[in-house]
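Participant: Sequence:
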Amino acid sequence: MSSADLEIDPLSAARLLLGAELTGRGVTATVVEVEAYGGPADGPWPDAAAHSYRGPGLRNSVMFGPPGRLYTYRSHGIHVCANVVCASDGVAAAVLLRAAVVDTGLDVAWSRRGAAVRESGLARGPGNLCSALGITMDDNGTDLFDPRSPVRLRLGELRVGDAGPRVGVSKAADRPWRMWLPGHPEVSAYRRSPRAPAPGESD
DNA sequence: AACGTGATCTTA
DNA sequence: AAGATCACGTTA
1 MSSADLEIDP LSAARLLLGA ELTGRGVTAT VVEVEAYGGP ADGPWPDAAA HSYRGPGLRN
61 SVMFGPPGRL YTYRSHGIHV CANVVCASDG VAAAVLLRAA VVDTGLDVAW SRRGAAVRES
121 GLARGPGNLC SALGITMDDN GTDLFDPRSP VRLRLGELRV GDAGPRVGVS KAADRPWRMW
181 LPGHPEVSAY RRSPRAPAPG ESD
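So for the first sequence, UniProt numbering puts the first residue at 1; every next one is plus one.
Treat the hints with care, as some may be off.
The calculated label-pair distances, taken between Cβ atoms and stated as ranges, are [stated by the list, open to error]: (1) Thr104 - Pro197: 41 to 47 Å; (2) Met137 - Pro185: 25 to 31 Å; (3) Ala115 - Arg191: 39 to 45 Å; (4) Pro194 - Arg74: 19 to 25 Å; (5) Asp146 - Gly90: 31 to 37 Å; (6) Gly57 - Arg195: 20 to 26 Å.
The set of hints was computed from the structure by calculation and includes no laboratory data. Note that the Cβ used here is the ideal one computed from N, Cα and C, for glycine as well.
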């Protein structure tokens, strides 16, 4: 398994990432919740909710690059969130990592997240996931399959999880591009964006 | 339902 | 230059 296995569409990549093992600075975790994101209107997967929708810019350029890289962005001024870039070089698509089960390095994860959080909450939510694994904006663009990289990914079997709408997006709010492995308390509850149009009125 | 928080983007 | 937006998380 290598970055070539991610040269696929974002929905397939999302399924491939369910159950994958993510390692970040002393913590390894199993990915249990992801969201697929596409690209501009004239690309293969038009997606108004994607950062890449309006073409490459300073923030999102990694999304347009080769697969197997990490795309990080800062959200709401506070949190760092992480995506795995998929599709061919030059085509924008990525999968947001929303939740994971911490397998090893629990003490490290707890020291980063604070002793008060429950074990199932260590990497619950995209911001918390990055916090638990020590992922920062400096990791933007890093090669997840380079053994020297501080953040690495090991792909497993293709898993088909449950699917539903993405959390918190105001565009394409009904599109069922969030996927998760059922039965894990790490998976976030669904929250529709208050700015999204009523269900059924969005593409 | 509200809000803290700041980078990024759109609009002018 | 100004204003809106936001792939969040916590508290209520």
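Participant: Give a verdict on every hint.
Facilitator: Taking the hints in turn, this is what the structure says about them:
Remark: the range hint 41 to 47 Å for Thr104 to Pro197 is upheld by a beta-carbon distance near 43 Å. Between Met137 and Pro185 the Cβ separation comes to about 28 Å, which falls inside the hinted range of 25 to 31 Å. Taking the beta carbon of each, Ala115 and Arg191 are about 26 Å apart, not inside 39 to 45 Å as hinted. Hint check: Pro194 to Arg74, Cβ distance near 21 Å, so the stated range 19 to 25 Å holds.
Our hint of 31 to 37 Å for Asp146 and Gly90 is violated, since their Cβ atoms are close to 21 Å apart. Between Gly57 and Arg195, the C-beta spacing of about 22 Å keeps the proposed range 20 to 26 Å intact.
The structure fails hints 3 and 5 (numbered hints given earlier, in ascending order).
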